[in-house]
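Asks: Now for the letters of each chain:
There are 2 protein chains.
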Amino acid sequence: MNSKSERHIPTQRPQLPEPTLRRLPWYLAYVRTLAAQGVEQVSSTRISRDLGVAATRIAKDLSFLDIKGKTRIGYDVASLERTLTDFLDFTTSHRAVIIGAGSLGGALLRDTGLAQYGLEIVAAFDINPAIVDTSVCGVPVYHINDLAAVARTCGATIAILTVPYQISQQAADDAVNCGFRAIWNFTPVRITVPAGIAIANTSIYAHLALIYNRMMAGGEPAPHDDLN
Amino acid sequence: MNSKSERHIPTQRPQLPEPTLRRLPWYLAYVRTLAAQGVEQVSSTRISRDLGVAATRIAKDLSFLDIKGKTRIGYDVASLERTLTDFLDFTTSHRAVIIGAGSLGGALLRDTGLAQYGLEIVAAFDINPAIVDTSVCGVPVYHINDLAAVARTCGATIAILTVPYQISQQAADDAVNCGFRAIWNFTPVRITVPAGIAIANTSIYAHLALIYNRMMAGGEPAPHDDLN
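So the protein sequences, as listed, match chains A and B. Going by the working numbering, the first residue of the first sequence is number 1, and it counts up by one from there. Going by the working numbering, the first residue of the second sequence is number 1001, and it counts up by one from there.
The set of hints was computed from the structure by calculation and includes no laboratory data. Keep in mind that a hint or two might mislead.
What the hints assert, rightly or not - Only part of the chain A face toward chain B is listed, based on derived beta-carbon distances under 8 Å:
| no. | residue |
| --- | --- |
| 1 | Leu51 |
| 2 | Leu119 |
| 3 | Pro188 |
| 4 | His207 |
| 5 | Tyr212 |
| 6 | Met215 |
Backbone N, C-alpha and C define an ideal beta-carbon position, used for all residues, glycine too.
Looking at chain A on its own, in the form it has when it is part of the complex:
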C-alpha cells in the first residue's frame, strides 16, 4: 500500500455504512456527467431530483467525506468528483489476477473500463491448453498450477474468480492459500473464506433471476433495490 492511499484512510473508515458506500459511486458517475456538461455547482436538492435519492440521505452520505457544501449554492462539482474518486480509492492501482480465463474471465480481461476504477489485471490462469502461455490484451495467461509461483512475484492482492461453478470453492481456497487478500467472486456459488479475507460477490447470472422476477411482478420497485 503506498503512502497516497494511506493518506486517504480516515480513522473512521471501517465504520462507513455499506449502503452509503454503494451509493457513492452513483454520485461520482453523476458529478462526472455534470462536469462533462460544464456544470460547476450542484445542490443536494438537484442531486436528489436527478438520482431519485432523498436529499437528506445524500447530505448524510456526503458527510462521510471531507467536503462541505455551501448554503444556497451547493457542492463544487470538480471538488466533489476529486474527493469521491480519492475516497473510493479509484486512483490507487490495485493489482489483481483472473482465475478462469474462459468466457466471462476472458471478457473481463478485455474490459478496459476496470483500469479506470483502479484495477490492474496483471495475470490470468486457466487449464485450457489453447490459451495457457498466450496473452490476452497484454495480460499473460498461465497454467493454474503456476498460481502460487506467480502470486509470490506479481504483487496482486485481489483474485477475480471466473471459474466453472463446480470448482469455485476449490479455486477460492487455492487463492487464499497463495496469499490473496480479497476474492471477487463472479460465479453463482456461495463461496466461504477464512476471517480476514475480503469477499465481494458479483453474481451476474444470479441477477438474471432478479430481472425475470421483477418483470413478472410488473416492474414494481424492490425493497432492496438500493443495495444492488
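Here the structure of chain A is known, so what remains is to put chain B in place on it, guided by the hints.
Replies: Then chain B, alone, in the frame of chain A:
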C-alpha cells in the same frame, strides 16, 4: 410468455422476498455441483454447513418452492435442481438486446454463460462505425438509430445497458420508449425508469469500491454481504 413459464408462476410469486430470491441461485449452483459428484440426497444441515447459511433460513427459502424434504434424508438433489431451475425461470428463453457494444458490452456478447441462464441476446447497438453492421459471436450490431425499428421485430423485452455513463439515462429512456420492459444496468449511473419497468443494477465497477473498502477493513464480513 409461453405456457411453460406461466405454469411455473404461483400466485404468491410477487411476494417472494428478494433476499430469498438472491439466495436461490446459490442453492442451484450448489446442488448442480452435488449432482455432478453423483450425490443423490442432501439435508438442509449439509447445505447449511457447506454454504454458511443457517439451516432454518434454507428450509424457509425452499418452502417457497413446490418441493418437500424427507425427514432424516433431506432433499432429492435431481428434483431440487430441476425445481430451482424452473422456479428461477432459467429454462425459459428471455430475449435481450445490448445497448453499447464497446468494452463491457462486447464482453457480455462473448459470454456464452448467459444463455445457460435463459438469456438470449438477439441484437446489439452502438454508434462506433468500426462495429456497426458487423456481427459479434453471431449477434448483429446495429446503429443505435435503428433501436426502435429493430425493437419492433426482434421480440426482446430486456435491454442490457453498457453505454458510457454520460449517456446512461438517455439510453435507458430510449429503451423504455422503444417498449423494453426491463433494463439491466451495468453502468455506474443511478438511472430512473417509469413505474412498471423492471430494473436491476449490476454495477461491476461500483463493486470495486466495496472490495477496496473491505480489504482496508481487514476483510470483516459486511452486514449486507448477503444481498450482493
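Asks: Against each hint, give a clear statement of whether it holds in the structure.
Replies: These are the hints, each one checked on the structure:
1. Leu51: With Cβ-Cβ at 5 Å, under 8 Å, it holds.
2. Leu119: holds (6 Å)
3. Pro188: Interface hint status for Pro188 of chain A: holds (4 Å vs cutoff 8 Å).
4. His207: This interface hint holds because 5 Å falls under the 8 Å limit.
5. Tyr212: holds (4 Å)
6. Met215: With Cβ-Cβ at 5 Å, under 8 Å, it holds.
The structure shown violates none of the earlier numbered hints.
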